[in-house]
Amino acid sequence: MYGMVNKGVADLVINRYSEETWKAILDKANIQNESFISMESYPDEVTYSLIGAAAEVLQIPANEVLELFGEYWISYTAQEGYGHLMDMAGNNLVDFLKNLDRLHSTVGHIMPKLNPPSFKCTDVNKNSLKLHHYSNRPGLENMVTGLVKGLGKRFNTPCEVTLLESHSSGADHNVFLIEWR
Amino acid sequence: MNINQILENLFPFHYMIDGDLKIIHAGRSSKKLFPFIKAHDRFLDHFEITRPKIECSFNSFVESGNTLFIARAARTPEVELKAQVLQLSKKVIFFVFTPVITDVSFFNELNITMDDFAIYDTTLEMIFALQATRKSLDDANVISKRLEEKVEERTCELKAKNDEILAQNEEFMQQQDQLNKQSLFLAEKNRKLQRARELIHSKNRELKLHSINLKHEVEQRTQDLIYINSELLNQNNQLEQFAFIVAHNLRAPIARILGLINVLKMEGLFNEDNEFYLENIHLSTLRLEEVIIDLNRILDVKKGMHHAYEHISFEKKTRKILEMLHTQIDENKADIHFNFTAVDVIYSISSYIENILYNLISNALKYKDPERPLRIEIFTKKDGDHICLSIKDNGMGMNVERNKDNLFKLYKRFHTHVEGKGIGLYMVKTQLDALGGKVEIESEPGKGTLFKIFFKAEKANAVAVAI
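Chains as they are written, first to last, in my numbering: chain A, 49 to 229; chain B, 12 to 478.
Honestly, the hints are just simulated from the structure, not real lab data. Incorrect hints may appear among the rest.
To be verified - Beyond 12 Å from chain A on every Cβ pair, some chain B residues (computed):
id : residue
1  : A198
2  : K226
3  : P264
4  : E453
Stated by the list, open to error - Derived CB-CB ranges, DEER-like:
id : chain 1 : residue 1 : chain 2 : residue 2 : range
5  : A       : S83       : B       : D188      : 46 to 52 Å
6  : A       : E104      : B       : R165      : 28 to 34 Å
7  : A       : H157      : B       : N122      : 20 to 26 Å
8  : A       : R185      : B       : T113      : 28 to 34 Å
9  : A       : H157      : B       : V162      : 32 to 38 Å
10 : A       : R185      : B       : N77       : 44 to 50 Å
11 : A       : S83       : B       : T113      : 25 to 31 Å
Quick reminder that beta carbons are idealized off the backbone N, C-alpha and C, glycines included.
Throw the hints in and build the complete structure from the sequences for me.
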């Protein structure tokens with residue numbers, strides 16, 4: 049994954065907890081390099097190790113850490129200077145979700161090693177839609193849940209996210225039901 | 012879908028321009044970008060063509076169909092457009108463009124979204140790439156700053172460490188210097204010690220040798236002394252034996268000679284012819300008898316025979332002697348004082364004490380100075396381990412230095428104007444020797460004499476306990 053993801057994890061821990069907690073997580077994950085470069089590609093194991101170590105140090109399940117991170121990611125990318133680009137992806141939850149795949153595709157062109165996930169919206173109704181998530185990386189369902197919840201907050205549209213199908217239960221991709229009022 | 016819809020979807024940013032260069036249609040995204048441009052507005056009123064450098068006419072536009080056009084909006088937003096001109100008909104050209112924007116907020120302000128761009132349009136990628144590059148530069152700057160800080164910090168640490176090492180080095184150098192000095196000092200000291208040790212060894216060897224020699228010499232001397240002592244004892248015994256024989260064996264013949272001389276006198280056998288000789292024989296025999304008597308007394312003292320120790324009062328003995336000598340005392344008008352308050356009683360041999368007092372007091376009487384009345388002082392005192400009996404007079408005195416070797420010898424006399432045999436002081440010395448005491452004399456001609464008789468004090472202590 050690109051360094052921006054690892055930086056996001058660091059920012060989340062430092063903002064919500066403390067610098068010392070982040071150092072403890074780095075120690076736990078046995079990672080010497082504390083500085084990540086946003087556009088530099090790092091092995092996926094680094095990110096997985098950080099999430100695992102954070103779960104141990106913060107004493108919360110890894111799935112919760114991932115959801116927390118997904119939600120935080122929305123505000124983090126905006127803060128990192130991608131807010132206007134995100135604005136271009138839509139000014140409401142549904143438009144944004146519909147452009148999610150184009151956004152990731154755009155990013156994928158710029159970051160050739162990113163191997164970004166792909167998204168598709170189906171069953172779009174007045175108060176719900178189904179979001180299909182295709183990824184080569186396993187176990188990131190909770191991150192997508194957090195990400196969608198984060199978007200709901202960004203557009204002041206609180207939403208419920210339900211995992212309908214998942215890799216872990218044998219499906220070829222994850223399907224989320226997103227509901228809002 | 013008709014051609015217009017297709018063009019609309021493929022080229023959301025476009026204008027259709029007629030032969031008079033008036034805008035006859037605007038694409039959906041063009042309207043969002045320049046909402047103030049209305050149909051029939053002159054194209055050149057809103058845009059300035061900066062490339063290519065052509066005369067702005069319908070025909071020249073058409074002729075430049077395969078050329079990149081750069082147009083700048085004449086009023087706000089003064090955005091630059093990257094464009095191409097296509098001829099749709101004889102009187103219509105299609106001006107298709109994409110805005111050259113690097114700041115994405117520009118689109119946000121105009122509510123232009125991702126959907127307003129053609130799918131193939133890479134403007135968004137470019138904008139994203141720019142932002143990512145900016146961010147990466149920021150990251151690199153942050154990391155660079157951190158690295159600089161770390162380098163600075165590390166440099167400071169290294170400098171401090173270096174200073175510390177330099178200081179330590181300096182200290183080590185000083186210590187080394189000091190150690191070298193101490194080492195040299197110690198080496199010098201060691202050399203001196205070694206020399207001293209060698210000297211001591213040498214001296215020890217010499218001393219050992221000397222000691223062995225001394226031991227041999229002492230042994231030899233001891234042997235010699237033992238031998239000499241033995242010889243002396245032997246000789247002494249022989250002499251004493253001889254003296255004893257002389258003293259005893261001559262007494263009877265002398266008595267007979269004196270008896271025979273008395274018989275000759277009584278028988279009237281002295282006459283003019285022989286009287287002189289017989290008188291001289293008589294006198295010589297008398298003197299010989301005196302000598303024999305003296306000799307007997309001396310032997311008596313030397314052998315310590317028939318004399319027992321007892322408690323003796325100096326005062327009583329003195330009074331007795333003064334009584335014995337009262338004639339001479341009276342004749343000389345001697346002023347005699349005695350004081351025995353310090354020590355009066357002594358544990359000794361009565362006859363010796365009596366003899367010592369007698370000889371010394373009678374000597375004082377004999378050798379009075381005719382120029383002044385005689386004064387004699389007799390007193391005792393404690394003197395360390397001894398009891399000292401002093402007899403002091405203001406008589407004639409004598410030169411002690413000159414006579415010291417003969418003072419206590421038998422028959423030695425220093426004044427001839429008075430009668431005497433020269434046996435008194437000899438007897439005093441002999442008896443004191445027998446008692447383990449000693450005698451000292453201080454005398455000066457014309458001033459007087461002081462005899463100090465020292466008796467061993469342990470005898471006195473014994474007396475004190477006994478009393």
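Task: Least C-beta distance between E453 (chain B) and chain A, which was stated to exceed 12 Å - done: Per Cβ check, E453 (chain B) is outside 12 Å of chain A; nearest 109 Å; holds.
Open item on the list: If I claimed the Cβ atoms of E104 (chain A) and R165 (chain B) lie 28 to 34 Å apart, would that claim hold in this structure?
Closed with: 31 Å, holds
- [ ] Using the Cβ atoms, figure out if R185 (chain A) sits within 44 to 50 Å of N77 (chain B).
- [x] 46 Å, holds
Task: Assertion that K226 (chain B) lies farther than 12 Å from chain A (Cβ) - done: 88 Å, holds
Open item on the list: Taking 46 to 52 Å as the stated bounds, is the beta-carbon spacing between S83 (chain A) and D188 (chain B) within them?
Closed with: Since S83 (chain A) and D188 (chain B) have Cβ atoms about 48 Å apart, the given range 46 to 52 Å holds.
Task: A198 (chain B) remote from chain A - nearest C-beta pair above 12 Å - done: Check passes; 55 Å lies beyond 12 Å.
- [ ] Can you let me know if the beta-carbon spacing of H157 (chain A) and V162 (chain B) is within 32 to 38 Å?
- [x] Because 37 Å falls inside the window, the suggested range holds.
Open item on the list: If I claimed the Cβ atoms of S83 (chain A) and T113 (chain B) lie 25 to 31 Å apart, would that claim hold in this structure?
Closed with: 27 Å, holds
Open item on the list: Does P264 (chain B) clear chain A by more than 12 Å, comparing its Cβ with all Cβ atoms of that chain?
Closed with: 139 Å, holds
Task: R185 (chain A) versus T113 (chain B) beta-carbon gap, inside 28 to 34 Å or not - done: 32 Å, holds
Open item on the list: Is 20 to 26 Å respected by the C-beta to C-beta distance linking H157 (chain A) and N122 (chain B)?
Closed with: Holds - the Cβ-Cβ distance for H157 (chain A) and N122 (chain B), about 25 Å, lies within 20 to 26 Å.
Violated hints for the displayed structure: none, as all numbered hints are satisfied.
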